[in-house]
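**Q** Chains as they are written, first to last, in the working numbering: chain L, 1 to 343; chain A, 1 to 343; chain W, 1 to 343; chain U, 1 to 343.
Hints are computed from structural coordinates only; laboratory data are not their basis.
Mixed in with the good hints there might be a few duds.
Remember, identical chains collapse to one label, so a pair may be satisfied in a single copy or spanning two.
Straight-line Cα separation of at most 35 Å, DSBU-like style, residue types lysine-lysine; simulated pairs [stated by the list, open to error]:
#  : residue 1 : residue 2
1  : 79        : 306
2  : 107       : 218
3  : 107       : 79
4  : 206       : 306
5  : 79        : 8
6  : 206       : 107
7  : 206       : 79
8  : 306       : 107
9  : 161       : 306
10 : 324       : 161
Number of protein chains: 4
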Amino acid sequence: MKVAVLTKIREIRIQERDIPRIGDNECLVRIRSVGVCGSDVHYYLHGRIGSQVATPPHILGHESAGEVVQIGSAVTNIKKGDRVAVEPGIPCRNCESCKSGHYNLCKEIRFLGTPPIPGAYVEYLAVPSDFVFPIADRMSFDDAAMIEPLAVAVHSVNLGKVQPGDSIAVFGAGSIGLLTMQTAIACGATRAFITDPLDYRLEFAKKYGATAALNPEKTDVVEAILDLTSGRGVDVAFEAAGAEDTPNQGLKIAKRGGRFVWIGIQAVDRVAIEPEPLRRRAVTIKGVRRFKHTYPAAIELVRSGKVDVRSIVTHRFPIEEIEKAFRLVENYEDGVIKAVIHI
Amino acid sequence: MKVAVLTKIREIRIQERDIPRIGDNECLVRIRSVGVCGSDVHYYLHGRIGSQVATPPHILGHESAGEVVQIGSAVTNIKKGDRVAVEPGIPCRNCESCKSGHYNLCKEIRFLGTPPIPGAYVEYLAVPSDFVFPIADRMSFDDAAMIEPLAVAVHSVNLGKVQPGDSIAVFGAGSIGLLTMQTAIACGATRAFITDPLDYRLEFAKKYGATAALNPEKTDVVEAILDLTSGRGVDVAFEAAGAEDTPNQGLKIAKRGGRFVWIGIQAVDRVAIEPEPLRRRAVTIKGVRRFKHTYPAAIELVRSGKVDVRSIVTHRFPIEEIEKAFRLVENYEDGVIKAVIHI
Amino acid sequence: MKVAVLTKIREIRIQERDIPRIGDNECLVRIRSVGVCGSDVHYYLHGRIGSQVATPPHILGHESAGEVVQIGSAVTNIKKGDRVAVEPGIPCRNCESCKSGHYNLCKEIRFLGTPPIPGAYVEYLAVPSDFVFPIADRMSFDDAAMIEPLAVAVHSVNLGKVQPGDSIAVFGAGSIGLLTMQTAIACGATRAFITDPLDYRLEFAKKYGATAALNPEKTDVVEAILDLTSGRGVDVAFEAAGAEDTPNQGLKIAKRGGRFVWIGIQAVDRVAIEPEPLRRRAVTIKGVRRFKHTYPAAIELVRSGKVDVRSIVTHRFPIEEIEKAFRLVENYEDGVIKAVIHI
Amino acid sequence: MKVAVLTKIREIRIQERDIPRIGDNECLVRIRSVGVCGSDVHYYLHGRIGSQVATPPHILGHESAGEVVQIGSAVTNIKKGDRVAVEPGIPCRNCESCKSGHYNLCKEIRFLGTPPIPGAYVEYLAVPSDFVFPIADRMSFDDAAMIEPLAVAVHSVNLGKVQPGDSIAVFGAGSIGLLTMQTAIACGATRAFITDPLDYRLEFAKKYGATAALNPEKTDVVEAILDLTSGRGVDVAFEAAGAEDTPNQGLKIAKRGGRFVWIGIQAVDRVAIEPEPLRRRAVTIKGVRRFKHTYPAAIELVRSGKVDVRSIVTHRFPIEEIEKAFRLVENYEDGVIKAVIHI
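Take the sequences, apply the hints, and build the full model.
**A** Have a look at this one:
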């Protein structure tokens, strides 16, 4: 089968590998669409994310969808021909985190594309049958690949405990930020503020229902959001920018007793936060680690039309042009929100 | 001012009373629209609900909205001319329940129309300024009167902890049931089942997005909902029928670890429930007592268009015809969901 | 190896079986002590509990402890010689319940002694290594066998969300009731009321710190507990009696907004509950299904001396006298709280 | 009456003032004991805490207890002669925070001793009757004054959601740290680690049940706590030191999915935290703002003997020697944990 291999920094080559054999509880999925995540691009450019090093040759990719072409002898929940989204992290199922329902925190989790586990830019993938999820007929494989970032959004909104009538703010209008905003609105948020330094992303945000879409290079976003909420602040703030100043912005615009959900990955080792608003406003900060059991909900949100993942996918490339896709994402070119690779 | 007084069982008379004087922290509201609640009709027919006796002369009504015509000297959050929804229960603000955020459970709460507190079928009402809530421009007084039943729905959905992608079931498609279903959908529920023995109500439910609207006189609703959920059951079940058999239906169709929110008021002293599904499925039952601080959320849901209260109001009567309204509601005539009284 | 087999109703015979072989992830445990649970006795007397039928020959027992004598090739968390408590329910690890942290609700769970799964009245048991838990040096095998009922108590107290300074009530002073009360006190409850028709059990309760131990055949326990709490009721009520009248007692003595944790198994199909206090007091009812991941906490509570399981064990029998033990428990003879079988 | 007035920085003078008149819902309390809080000393030394300026003349003090000598005409819950602890923050009772049960976050709260509200170093104080709490007979006025810091501890433990069998860590062994540790143990924590650079405070910690009491100037406390927990970390970490390095220590020793409760007040405007452990371990940070409705629980914990406040009070001074007390606390002299002023 064809696979896309990171052979060295800034170099991906298409190579041939054996099709994997499946175990009794696994499915073989013919991968059709894989989203390009910022973390993929980061590994491509730097060979590492923090302490995690992608020693070449390494296969990236974790936002994948395809068709089940074979099932193991013990599989009953999935059948050949099912069109599925693939949940990329397989936990140990035995540790304290797994048993208490936080399998996203399993130390032994094998997550597609996170070194040393090979990823999803491949033609075929063997996956435990409880980590593939059939999609609705009306959903495309590209839609299904977007279930992975949407799963992050759903988990974040769950952590933020968004309630009907809440106001929310999202820092960062990339794919995670836009999906988080959409999910929060689908969960009853009635006022949604979003910030991003790229105006074209703010346009997407408006289309998805933003009450106000603010460019921090043009506006004091803290002041603006406090103004727009009569000084009260928002019920829940989401950090999806990975910037250094957004955490303090979030702490200042979260309401008294509000929640700040920290999704983004800051490039720096330390972020200076102001303890005063944290303490005086009694804010809760929630660190987000991927997702846990949110694929079914994410698929439901797409199936029911509550969240639009389709228009999030702005670009499509065949696997042979994967580096072109990576460079597009790297440089925020051509109005990109999300590029997907067709395999 | 004009008031509608329950002078004896099955008799309401329009009488004159003095316009109330307001305290420093109160507003005087010129009431314009008051919804007819099933409990109003129950007092009208029986003179009591359980242990609560409405000794004539008594004024009913608690779903009210109007215009602020005067404010007390200490009022700053409301101004003359504001169009407002009136939250009907004024708690003591000092007891354990009040201080811990459960003012709906205050033993000293003074709730409009609940004996011996006079209610809202009056031209003018004095209300503490923090219990009147300005409505959006696009909202009518009838819409605003519906904030009260919607507040029950919002509180119930909050208790049910509806999450994105959840499936829900509602027993009873009266105004509370329909608003609960709408609110749950607005909070991310993607599959909603509803039951009612009145087919015209099921038609409303379909219009509001029911996945399936089932008549228990024609269908085994437990079997049907289990079938529709592949045997899993729903994440949250809401009892809004006040019937005797619906609690056991709810316990059986709640998923393992699911929630059953008990809103309806059964006419009987005891309801026989089956402990086996409660225990084996580890269901949580939540008893609902009115609402607490959900007016702002309810107004937001209407303002944002997420919940349609307008079409819930099927009939309108001038105060002089209040008994006509009560009899309409009593007999489920003319496709009534909610009647309102214009004053 | 020796095993105790239910050969027909009211007959247990000691038989020989092969020692089980262990898988790569399993441990072989030489069982030393097994507690006699009321459910064991119920199967012995009636051959069934509700819909679950124990077709002879069947091996009962699920409260077990022993010594690890062999470990599978992949086991790293346990070593030969470890003295362990055995968690008796092995879930599928793959379903929605398992993944979301509620493995106690797994439909495929294999629970020792629950038909058709053979139980723990055996010399050797093969157990997945993540379901055996090393005990503290100071703990005996009898103490360790008590971790199972204590795990129920800990799970119940967790569901009841006992907070520091809470008052609690427990209906039923059998082993589960006594351990629940002890655990609640260890979690910060400062006032604990308990009821039981057997006075000798109330004596145990007093020793374990009961504020008041009430006999419902001599006292109106609802009135007494309301009196003792100045009419407020308790923060959390636990039903551990399995009686028909205790649920309504619990609903009446739970405070407004309080919690009622339903542990006991009623012998009847339907229990008539009063919806009025449930609704007006906005009580939450929690159905309890065994436990989930509470073995480590239970062991910690015993190790630290916060919970006394030792004196709960009132009687000890060799496996050859298992029927004697069962009859003792059946008839509440000789001041029995808990009998254990030594193997 | 006699009052202690901060007349300028580092100067307190005893002056005469009129005894306050009480309103209908108030009690007049003859203050007997007032604890010296670190914040009192900070105002004494610097005239301000952050943005809050104590313009002289100002009366400090908020940890107070005394005897009720007069009650207002509407007071029913308290009677003359009651010995009481005084909760120092009176909220507006009307705002969103108050109504939703977070009155500690009320913007209009009037908190004793926090400028411009005069404090409790006075002979008589007028207090709304629902903010005075009768104490147990066995409790002294000094014990009762300690209910205020204990209320902070109880609120913090509630926010930390300590469960039976949890391990916890506390940074800082001052009075708040010691009471937090004691409360956590009283709530079921079975392993408690505490750190402080002052060895005499660590001795107190050991007496109150610390599993390990660590001096960060002698030990790498992160490494030590991870060692002591086999690398897992603790369920809940509490920051009660107000130091700059403790937040990162807390994030590193909180278990995956653990909680970090931030009680201490850092003297700096910004604290550099590491986002990596926050995100990868999915830690929840809870900012603590005083307390809400925890006086009854705090009193119960003392009454029942679960928390020892008596030995926390190491020094006692008559009001005339208040500056001596302040300087003792300022300089951590003579093994001081808590000094109280007798009036």
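**Q** Classify it for me, residue 79 with residue 8: is the Cα-Cα distance of at most 35 Å met within a copy, between copies, both or neither?
**A** neither (38 Å within a copy, 43 Å between copies)
**Q** Checking residue 206 and residue 107: alpha-carbon separation at most 35 Å within a copy, between copies, both or neither?
**A** For residue 206 and residue 107, only the inter-copy Cα distance (33 Å) is at most 35 Å; the intra-copy one is 39 Å.
**Q** At most 35 Å between C-alpha atoms: does residue 306 with residue 107 qualify within a copy, between copies, both, or neither?
**A** Result: close both inside a copy and across copies, 34 Å intra and 31 Å inter.
**Q** Given identical chains, is residue 206 near residue 306, meaning Cα to Cα at most 35 Å, within a copy, between copies, both, or neither?
**A** For residue 206 and residue 306, the Cα distance is within 35 Å both inside one copy (16 Å) and across copies (17 Å).
**Q** Cα distance capped at 35 Å. Does residue 161 pair with residue 306 within a copy, between copies, both, or neither?
**A** Both: 18 Å inside a chain and 18 Å across chains, each within 35 Å.
**Q** Up to 35 Å between alpha-carbons, please classify residue 107 paired with residue 79: within, between, both or neither.
**A** Classified as both; 31 Å inside a copy, 21 Å across copies.
**Q** Measure nothing new, just compare the shortest in-copy and cross-copy C-alpha distances for residue 107 and residue 218 to 35 Å and report within, between, both or neither.
**A** Between copies only: 31 Å across chains, 42 Å inside a chain, cut-off 35 Å.
**Q** Is the C-alpha distance from residue 206 to residue 79 at most 35 Å within one copy, between copies, in both cases, or in neither?
**A** Between copies, since 33 Å is at most 35 Å while 40 Å is not.
**Q** Have a look at residue 324 and residue 161 and pick one of within, between, both or neither, based on CA distance no larger than 35 Å.
**A** Neither way: residue 324 and residue 161 sit 39 Å apart in one copy and 44 Å across, limit 35 Å.
**Q** When no copy is specified for residue 79 and residue 306, does a C-alpha distance of 35 Å or less occur within a copy, between copies, both, or neither?
**A** Cα proximity of residue 79 and residue 306: one copy only (27 Å, versus 38 Å across).
The structure fails to meet hints 5 and 10 from the earlier list, while all remaining hints are met.
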